[in-house]
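Enquirer: Residue-level listing of the chains:
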Amino acid sequence: MPITYKCPSCGSVMAFDSSSQMLKCGQCESQISVNEYEATYGENVQEMTAEVSREWDVQDSGSLFDGASEKINMKTYHCQSCGAELMSDEYTSAVMCSFCGNPSLVEDRLQGAYKPSKIIPFKIAKEQAMDIYRSWIKKGPLTPAALKTDATVEKISGLYVPYWLFDFKARSQMTASAEKIRRTRRQDTEYTYHDHFRVFRDVEADFVKIPADASDKMQDNLMDMLEPYDYTQLVDFSMPYLSGYLSERYNSTDNELNERVVKRVDKYITELARDTIKGYDTVNVTFNQINRIRKNTEYVLLPVWVLNCRFQGKEFSFMLNAQTGKIVANRPISIGKAVLWGVLVFIISLAIMMIGGLFI
Amino acid sequence: MMQQLMISSNYMFAAMSDSSLFEALTEDILMKMLFALIIAIIVVVVMIMASRSHMTVDGRTYSGNSARVLRRQDRFIRTTVTKRKIEKNDNKNN
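Line by line, the protein sequences are chains R and H.
Just so we're aligned, residue 0 is where the first sequence starts under numbering that gives the first Met the number 0, counting upward by one.
Just so we're aligned, residue 0 is where the second sequence starts under numbering that gives the first Met the number 0, counting upward by one.
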């Protein structure tokens, strides 16, 4: 059943405002903190939702979309503001009405096992996200000049992405053969001494809140690049934070994502153990025994801006960490500029070698 | 006139192609061009790679200062020696 947050003053729809970190009415611009709204009007929201759901029965349309590879269960709801049909797949937990633009939350996808324990609310507003994007496309020596003027942002969506945060304790027992090399010279002979060592390290570390996105729609490698998030800004989950943004519940459980995180943990503990072997000229790791224990997992929602752009007939997606402003995208490359840079570097390096050759 | 020019150029070409100096110079320039080409390709590839997004986190991002060495051992095994004759630079004689 869909939920909308109504303004206590004028009855219009309220959405979470990232600038003030409060719920803000789109009509009368009155503001109220999320906690205060929940404490004062939380029960009214439930009652109102119950009435509305009787009035507008949720229709399970079954498998409307029979895709090539899998069936997607689509459900239809009705917008409480304009009555238009809202279609969502089985994972969507927060939507925007495509007719009136008002936000609705799908409550049963935010409760029970699907209730996130924490959330980082949006810190960067849509205008700030656009500013970051505009300054980003101007940078880069290989960026096509036309990108600054011709690229159009077709859609910008604020999305709460479901993540699992993993806590691991890991231990690496590493054996390596290492060498210290020293050289001496006597008359016309150079002697090179290789001092061989057998090195052993037993290193332990606690990894806290390693994130793994639990949404099948998001590319894992791009989501990994959006890190890091500042977890000191995690707050207890409350549904009004989602008002005005898109969201979905997790597609994959923590156990299903475990293997992906274990690979990262193994890589990290190996790097930490390797970094403790210092003072050698060469180090060759011959054995590395890794043990790890999963201590805890936590289901959270983290904020992302997704910008869909069009440039010269092609579509590009940019993602922006809506807490830190870090942008992730594969920047379009100008082949002409790449060739120009190549020729320039070729001429300069050839000139340096020719001039240098005159003095040798 | 034309015939004379052709003969003289043929003589020059023959003289230069026989010359070891010309061969050395040509080889030297070709080598330098090859190096310059390799440098240019490396620089452009690095620029393309740098323009792509990449991960900025590592193990320390999530472990903080929790990493601790429980046991360490550095055991000396042996020393091996290699020796190399240093050739005298005889460029001056040439």
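Keep in mind the hints are simulated off the structure, nothing from the lab.
Heads up, a few of these hints could be off.
[Claimed, not checked] Below, computed lysine-lysine pairings styled on DSSO-like, alpha-carbon distance capped at 30 Å:
hint, chain 1, residue 1, chain 2, residue 2
1, R, Lys5, R, Lys147
2, R, Lys179, H, Lys31
3, R, Lys114, R, Lys216
4, R, Lys114, R, Lys208
5, R, Lys336, R, Lys168
6, R, Lys23, R, Lys114
7, R, Lys208, R, Lys277
8, R, Lys168, R, Lys294
9, R, Lys336, H, Lys31
10, R, Lys277, H, Lys31
11, H, Lys84, R, Lys179
12, R, Lys325, R, Lys137
Enquirer: Would you mind marking each hint as holding or not holding in the structure?
Expert: Hints and how they fare:
no., hint, result
1, R/Lys5 / R/Lys147, "40 Å, violated"
2, R/Lys179 / H/Lys31, "35 Å, violated"
3, R/Lys114 / R/Lys216, "20 Å, holds"
4, R/Lys114 / R/Lys208, "18 Å, holds"
5, R/Lys336 / R/Lys168, "48 Å, violated"
6, R/Lys23 / R/Lys114, "24 Å, holds"
7, R/Lys208 / R/Lys277, "29 Å, holds"
8, R/Lys168 / R/Lys294, "7 Å, holds"
9, R/Lys336 / H/Lys31, "24 Å, holds"
10, R/Lys277 / H/Lys31, "38 Å, violated"
11, H/Lys84 / R/Lys179, "22 Å, holds"
12, R/Lys325 / R/Lys137, "15 Å, holds"
Going down the numbered hints, you'll see the structure goes against 1, 2, 5, 10, while the others check out.
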